[in-house]
Amino acid sequence: MVLFEQVVKRFGSNIVLDHLDFSVAQGERVTLIGPSGSGKTTILRLLMTLEKVNGGVVYVEGQPLSHMKRGSQLVPANERYLRTVRKKIGMVFQQFNLFPNMKVLDNVTEAPIHVLGLSKEEAVDRAKQLLDLVGLGDRINQHPTSLSGGQQQRVAIARALAMQPDVLLLDEVTSALDPELVADVLNVLRDIAQSTTITMLIVTHEMQFARDVSNRILMFDKGRIVEEGQPDKIFSNPEHERTQTFLRAVLEER
Amino acid sequence: MGTFLTQLGDSAGNIGAAILVTVEATVLGAILALVLAFILGLLARSRFLVVRGIARTIIEFFRGTSLYVQLFWLYFALPVLGFQISSALLCAVIAFGLNFGAYGAEVVRGAINAVPKAQWEGAVALNMTGFQRMRLVILPQAWIGMIPPFNNLLIQLLKSTPLLSLITVADLTFEGQQLRAATGQTALSYLFLLVVYFILAYIFTLLMNALESVAKARLGRGGGLRGLFRLREADPTGRSAGAGAGGGA
Amino acid sequence: MNTSIWDWTVVEDVIPLLLKGFAVTLLATVVGSVIAILLGLLLAMARRAPTRLVRVPVRAFVEFVRSTPLLVQLFTVYVLLPSLSPFVIGASVLGIHYATYMSEVYRAGIDGVPKGQWEAATALSMPRGRTWQAVILPQAVRNVLPALGNYIISMFKDTPFLAVITVHEMVFQAQEYGSDHFRYLEVFTLAAAIFLIASYPTSLLVRRLEKRLGH
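Quick note, the sequences are listed as chains A, B and C, same order. Mapping to the working numbering: the first sequence position 234 is 1296, numbers consecutive. Mapping to the working numbering: the second sequence position 199 is 292, numbers consecutive. Mapping to the working numbering: the third sequence position 100 is 102, numbers consecutive.
Chain A on its own, in the form it takes in the complex (with noise of 0.2 Å):
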């Protein structure tokens, strides 16, 4: 589904992905670990093509994503080829990124009409039943401002879902909320986990909610796998002494 290929990716001369391989199954939900600055979160931004590699090939669905096929050569990817792929990936943010010029229902619909080309009534529809599912069914009328932060990001949940991606991508999505407020949206997420066979990327310190979700862990450190494996292994009995001093340090702090 998802496959990083000799990934190389550097911001001035700081290397932040070293040569990275990896893959993703379809309907498999991997969460990756690691301190800040590993570059967990370069890799969901390279994903959505909110960034370009500096090297390496990204496929999603056996189609280069971060390069395009001009005869039987890959060159870097222009403008409009992203367009059409990029289609395939939906991500929600650490900081919600509502639209706040727009209603609730509005953020929701408005891609689904403008990109997918659905009738009004149908991405009214398919909104209402995402807004509901995020447990935001009576709040379509009202701007996201006025929502709480754990409400903005169970919308973007669904404004994320609405365009019924192939590959959902997390990105610290519980980092900016009161700590009260986390819980619900982690549960909407387990929610949507279970009843969905949707490839999900995650990047979280929440390490309860990794464990409850993921297939895979993976532990990140200077731009390389360092470990990974499933959750009960990583986190019961992590191998690579990295992966130890990480934990202990994210559950000491909680």
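Possibly wrong hints are sitting among the right ones.
With a straight-line Cα cutoff of 20 Å, these simulated EDC-like cross-link-like pairs (lysine to aspartate or glutamate) come out [claimed, not checked]:
#  : chain 1 : residue 1 : chain 2 : residue 2
1  : A       : Lys1114   : C       : Glu121
2  : C       : Lys117    : A       : Glu1113
3  : A       : Lys1165   : C       : Glu121
4  : A       : Lys1150   : C       : Glu121
5  : A       : Lys1149   : C       : Glu121
6  : C       : Lys117    : A       : Glu1141
7  : A       : Lys1165   : A       : Asp1200
8  : C       : Lys117    : A       : Glu1090
9  : A       : Lys1150   : A       : Glu1090
10 : A       : Lys1150   : A       : Asp1228
11 : A       : Lys1190   : A       : Asp1168
12 : C       : Lys213    : B       : Glu153
Part of the chain B face toward chain C, derived, beta carbon under 7 Å [stated by the list, open to error]:
#  : residue
13 : Phe97
14 : Thr99
15 : Ile124
16 : Leu125
17 : Ala170
18 : Gln249
19 : Lys252
20 : Phe285
21 : Tyr290
Rather than coming from a laboratory, the hints here were simulated on the basis of the structure. Virtual Cβ for every residue (Gly too), placed ideally from N, Cα, C.
Keeping the supplied structure of chain A fixed, place chains B and C upon it in accordance with the hints.
Coordinates of chains B and C only, in the frame set by chain A:
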């Protein structure tokens, strides 16, 4: 083109003198405006309603009526009341000073209001008098924030000086029109005129940037000389708001 | 001829003329504003164009126009394009002059829209045009409405400059009446009063808008 350059060479003396007139009007107008801006800006923060009311009325009056009308009023209407200002240039300087002083007052007020409350409280804690607070603590911090909006006003003032040519003063615009009459080269004459104004505006901006750098260095916030050659900053509040809305700085 | 300093018959005489001129003043302000609001936005967006070939000349144009006097610009266009009517020239030059100011305002507004808004639009695969139209501009323009309002008031107060190219706006009428009858005190005092009456309440409205938008 050839005759234009010859003529330009011949009138170099006149044009030089005219540039001096324009610069003189700008600088004198700016000085008067600066003084009025501080007086009105500080009075507009007075504790006394009457003082505040008078200051505000003056500010709103000169902001609310057009500079053009103010100048013509001083030049044509004031003599009817028995006050003849001795020269047209002085008349213009007074009009510039009053008009831009009113805009400047809003800049002063806005910049003072932008000084953090803790600074006021600190000054009170040191048992300073109101005057000391203003002179020793608040103004030294506030005036840096006034420089960019003042720069905008200064350029506005420079751009208003062609009004001089309408009341018989031989300023740059006046000489430009003489040049046009002498050469018959309309496009070149006016283009030349616009370029000279642009250069003057740029020189004023450089000077204000230098002033800002010095002021910042003194406060230890130095951006150094890097910002020296940049152009004017945008004035997102619009001229009539000055820095009153706190955005001009 | 009446010799008193202030003559009310002059006032009665001149007010209809001034109001006639005032209609031209308002029309020039409206036409100029429309040009400034639209062209200003265009200039601001051009300064975000992907190529320097667009950005650099647009920036030079904006800097040049906003650093040189409106009065000289008016003269220049007036003598270069003698076939156009003074009103058309006056309102257009006024509009273009203020468009350069407004473009800076829009630019600040556009830069003020958080980067996350662009990213969210990308994440939803929204095309660039739709992103501008539905996401960026509504937020950017809302934030700069008071500043645009202030510039429109400034434009209004700069309309007397149009008198120098014989546009029959209010101050032109005042000057003409003044020199014909040699009564300057009444005409310029009235002109000032009309400006104040029109611009002060408008600026109060803009300030209220400013407060409401939380500036």
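Each hint tested on the structure:
1. Proximity of A/Lys1114 to C/Glu121 is assessed by CA-CA distance (about 14 Å); at most 20 Å being required, the pair is judged to hold.
2. At roughly 13 Å between alpha-carbon atoms, C/Lys117 and A/Glu1113 fall within 20 Å of each other, so this suggested pair holds.
3. Between A/Lys1165 and C/Glu121, the direct Cα distance comes to roughly 19 Å. Compliance with the 20 Å bound is thereby established for this hinted pair.
4. Taken as a hint, the A/Lys1150 and C/Glu121 pair is honoured in the structure, with Cα atoms around 16 Å apart against an allowance of 20 Å.
5. Restraint check for A/Lys1149 and C/Glu121: satisfied, since their Cα atoms lie roughly 14 Å apart, inside the 20 Å limit.
6. The hinted pair formed by C/Lys117 and A/Glu1141 meets the criterion: a straight-line CA distance of about 18 Å does not exceed 20 Å.
7. Restraint check for A/Lys1165 and A/Asp1200: satisfied, since their Cα atoms lie roughly 12 Å apart, inside the 20 Å limit.
8. With a C-alpha separation of about 30 Å, the suggested pair C/Lys117 and A/Glu1090 falls outside the 20 Å cut-off, and the hint is violated.
9. Between A/Lys1150 and A/Glu1090, the direct Cα distance comes to roughly 15 Å. Compliance with the 20 Å bound is thereby established for this hinted pair.
10. Distance check on the hinted pair: A/Lys1150 and A/Asp1228 sit about 5 Å apart at the alpha-carbon level, within 20 Å; holds.
11. A hinted pair counts as satisfied when its Cα atoms are at most 20 Å apart, and A/Lys1190 with A/Asp1168 qualifies at roughly 11 Å.
12. A threshold of 20 Å between alpha carbons decides the hint, and for C/Lys213 with B/Glu153 the separation of about 18 Å falls inside it, so the pair holds.
13. The restraint placing B/Phe97 at the interface with chain C is violated, with a minimum CB-CB distance near 15 Å, outside the 7 Å limit.
14. The criterion of a C-beta within 7 Å of any C-beta in chain C is not met by B/Thr99, whose closest approach is roughly 21 Å, and the hint is violated.
15. For B/Ile124, the interface hint is violated, since its Cβ never comes within 7 Å of a Cβ in chain C; the closest pair sits about 20 Å apart.
16. With a cut of 7 Å, the hint placing B/Leu125 at the interface with chain C is violated, because the nearest CB-to-CB distance is about 20 Å.
17. The criterion of a C-beta within 7 Å of any C-beta in chain C is met by B/Ala170, whose closest approach is roughly 4 Å, and the hint holds.
18. The criterion of a C-beta within 7 Å of any C-beta in chain C is not met by B/Gln249, whose closest approach is roughly 9 Å, and the hint is violated.
19. Nearest Cβ of chain C to the Cβ of B/Lys252: about 4 Å, under the 7 Å cut. The hint holds.
20. A cut of 7 Å between beta carbons decides the hint on B/Phe285: the least distance to chain C is about 10 Å, and the hint is violated.
21. Hint status for B/Tyr290: holds, given a least beta-carbon distance of 5 Å to chain C, under 7 Å.
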